[in-house]
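Whole structure, please, built from the sequences with the hints as guidance.
Each chain is listed here by its residues.
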Amino acid sequence: MVHKVSLIAAPTGLSPGGYVKKAFADRNAPQTPVAELEVVKGLTGWRIRLEWDCSDPVTSLADDVDRFVDAAAILAPGAPDAPWMSMGAPGKPVEGALWRADREALFGVRAEGLGTVERSDAPAGWSAMADRQAGKWRVSFHAPSWSALDAQQQLAVAVWQGAKGDRGGLKSVSSGWIAVGS
Amino acid sequence: MTATETNRQIAMVLDLNKCIGCQTCTVACKKLWNKDTGTGYAYWNNVETLPGAGYPRNWTETGGRTDQGEVKAGSVPNLDEDYGRAWTFNHDEVRARAGEGEQKPWLRPKEKPKWGANWDEDRGEGSYPQDNHYFYLPRLCNHCTHPACLDACPRHAIEKRDEDGIVLVDQDRCHGYRFCVESCPYKKVYFDPQRQVTTKCIFCLPRVEEGVAPACARQCPGRLRFVGYLDDEAGPIWKLVHEFAVALPLHPEFDLGPNVYYVPPMSPPKLDAQGRPTDEPRIPTAYLESLFGKQVHGALRILELERAKRRRGEASELMDLLIAYDWNENFALGERKREVL
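Keeping their order, the protein sequence lines are chains D and E.
So the first sequence is numbered by our numbering: it starts at 1 and just counts up by one.
So the second sequence is numbered by our numbering: it starts at 1 and just counts up by one.
Be careful, since some hints might not be right.
DSS-like mimics (lysine-lysine), calculated; alpha carbons at most 27 Å apart, straight line [unchecked claim]:
1. E:Lys114 to D:Lys22
2. D:Lys21 to E:Lys160
3. E:Lys337 to D:Lys21
4. D:Lys164 to E:Lys114
5. E:Lys31 to E:Lys160
6. D:Lys21 to D:Lys164
A short, non-exhaustive set of chain D residues, derived as facing chain E with CB atoms under 8 Å [what the hints assert, rightly or not]:
7. Ser15
8. Pro16
9. Tyr19
10. Val20
11. Gly113
12. Leu114
13. Gly176
14. Ala179
Here are the simulated distance ranges between beta carbons [to be verified]:
15. E:Glu335 to D:Asn28: 52 to 60 Å
16. D:Asp102 to E:His146: 50 to 58 Å
17. E:Pro268 to D:Asp102: 49 to 57 Å
18. D:Asp131 to E:Arg8: 40 to 48 Å
19. E:Tyr287 to D:Ala79: 57 to 65 Å
Derived by calculation from the structure, the hints in this document are not laboratory data.
Just so you know, even glycine gets a beta-carbon here, dropped at the ideal spot from N, CA and C.
Encoded structure:
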C-alpha cells in the first residue's frame with residue numbers, strides 16, 4: 001500500500017528542557033512537507049519504502065562540527081494506545097528503526113516518552129538500502145519480523161534534513177499513526 | 001555524606017592582573033583531557049586577548065542568552081571560520097628534504113589557517129603610546145548554577161553534581177544534537193565529530209575528588225588561580241568573592257550564575273597629547289563593565305585602596321592573598337589524598 005503522507009513539524013513546545021521550545025518556537029513549518037510511504041508484508045517480512053524530496057543531502061559530518069546528517073525513522077506502537085507525538089509514554093513504548101545517511105547499519109530505537117529514546121543495534125536481519133536520485137532520498141527498510149507492527153498494524157515516520165538544521169526533536173513527522181494493513 | 005555536604009559549589013577565581021598569557025593552563029588541560037582526533041580544535045581552557053574576538057570567534061554574539069538573560073536561538077560555530085581547525089604540518093616534506101641544498105623547507109601548516117584559539121593574541125586596542133591596551137582572559141566552563149547546556153539537552157545527558165556543582169556530559173546518553181553547544185553563551189561545550197558526542201571541561205573531577213586542584217590551576221606559573229568551595233568561609237574563594245568582593249563573574253547579564261570569577265585588570269593611565277598621565281585608566285572601565293557588570297567599579301576601587309595600603313607599608317590581607325606567597329594556599333579542597341602535579 002502506497003501512502004502520500006503529509007508531514008508536520010514536530011512540536012518544539014513538547015521538547016524537554018527550556019532551550020529548544022523557546023529558541024525554536026517559530027519553527028512551525030515542516031522542513032520536509034510530504035513523504036511517500038509504501039508498506040508491504042510479504043513472505044520475507046515487512047518491506048517499507050520511504051521517499052522524500054531532498055535537494056541538499058548531507059551524508060557525512062565530514063569532520064565538521066556544525067553539520068547534521070540526513071536521517072529517517074519508522075516506528076510502531078508497542079502498545080495499542082502508545083502516543084506517537086510524544087514518542088510513547090511510560091509503559092507505552094514506541095519502537096522501530098533509525099536510518100542515518102552516514103552509516104550503513106540501522107539503529108534499533110525504543111522510547112517511552114520524549115527524551116527517553118534508546119538506540120541499540122537493530123534486530124537481527126533488519127536492514128535498509130538508501131539511494132538518492134532526482135533530488136529524492138529513497139530508503140527501503142526490511143524487517144524480517146516486527147511483532148509490534150504485526151500486532152498494531154500502525155506505523156509513523158520521521159524525517160530529518162541535516163542541511164536544514166534538523167536533529168533530535170527538530171524533525172518532520174507524520175501527524176499520527178498511519179494504518180498500514182497487511 | 002551528610003545533607004550539608006551535598007549541594008556545594010566548587011568555584012575558581014582568576015586574578016587577571018597576574019595573567020601573562022603563557023598558555024601553560026591551556027597546554028596542561030589539553031594534554032590531560034583533549035588529545036582525541038575529534039577534539040583537536042577544542043580547548044576546554046583557553047586564554048584569549050581582550051579586547052578581541054576570542055575563541056570561538058565572536059563567541060559573545062552566538063550564545064543562547066540575551067543581555068537580559070532570556071533564551072534566544074544560539075548557533076554552532078564553524079570549525080574553520082570560528083574555532084580554527086587544528087593545524088597539520090608538513091613534517092614529511094621537511095624530513096624528506098632535510099639534506100637537500102642550503103634552502104631548507106619551512107615547517108608550516110598544510111592548510112591555510114583562517115582562525116585559531118589565539119589568533120588575535122596581543123593585538124588589543126588603542127594607539128601607542130596614548131592608550132594602547134590589552135589583557136588576557138583565561139576561560140573555562142563556568143559550571144554555572146543554572147547551566148544553559150543542561151537546560152538545552154532534550155536527552156537529559158547533562159547533569160550538575162549535588163556534591164560540588166560540577167557540570168558533566170553523560171556521553172553514553174548524548175546523541176550529538178548540539179543544542180548545548182548552541183545554547184551556552186560562553187561557548188564552552190564542544191562537539192567531537194569523530195565520536196559524535198559533546199565534550200566539556202570536567203573541572204578535573206578525578207583530581208578534585210582527591211583534593212587536588214584542576215591542572216589549569218595547579219600548573220599556572222603566575223599563581224593567579226584560586227580553587228575552593230563557595231561556602232568555605234576560611235577559603236580563598238569566599239574571601240575574594242564575598243568578603244572582599246573583588247572577584248566577579250564574566251557576563252553576569254546572561255543570568256546563569258557562573259562559578260568562575262575574575263579579579264578585574266587594573267591598568268596604568270592613558271597619556272594626554274603631551275605624553276602626561278591622565279586620570280583615566282588605559283583599559284576603559286566601561287569596557288570592563290561590559291564584561292563583569294556594574295560591580296566592577298567597586299571591585300576596582302577596593303583593589304586600588306588595598307594597593308595603596310601596601311604602598312604605604314600597611315598590611316593588606318587582600319594583597320597578600322592575591323600575591324600568593326605560598327601557592328598551596330590558593331587551593332582549599334580538603335585533604336589532599338595523593339601527590340600530583
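Hints, one by one, checked against the model:
no.	hint	result
1	E:Lys114 to D:Lys22	violated (33 Å)
2	D:Lys21 to E:Lys160	holds (21 Å)
3	E:Lys337 to D:Lys21	violated (45 Å)
4	D:Lys164 to E:Lys114	holds (25 Å)
5	E:Lys31 to E:Lys160	holds (25 Å)
6	D:Lys21 to D:Lys164	holds (17 Å)
7	Ser15	holds (5 Å)
8	Pro16	holds (5 Å)
9	Tyr19	holds (3 Å)
10	Val20	holds (6 Å)
11	Gly113	violated (11 Å)
12	Leu114	holds (7 Å)
13	Gly176	violated (21 Å)
14	Ala179	violated (29 Å)
15	E:Glu335 to D:Asn28: 52 to 60 Å	holds (56 Å)
16	D:Asp102 to E:His146: 50 to 58 Å	violated (34 Å)
17	E:Pro268 to D:Asp102: 49 to 57 Å	holds (55 Å)
18	D:Asp131 to E:Arg8: 40 to 48 Å	violated (56 Å)
19	E:Tyr287 to D:Ala79: 57 to 65 Å	holds (60 Å)
Violated hints, in rising order: 1, 3, 11, 13, 14, 16 and 18; the structure is consistent with all others.
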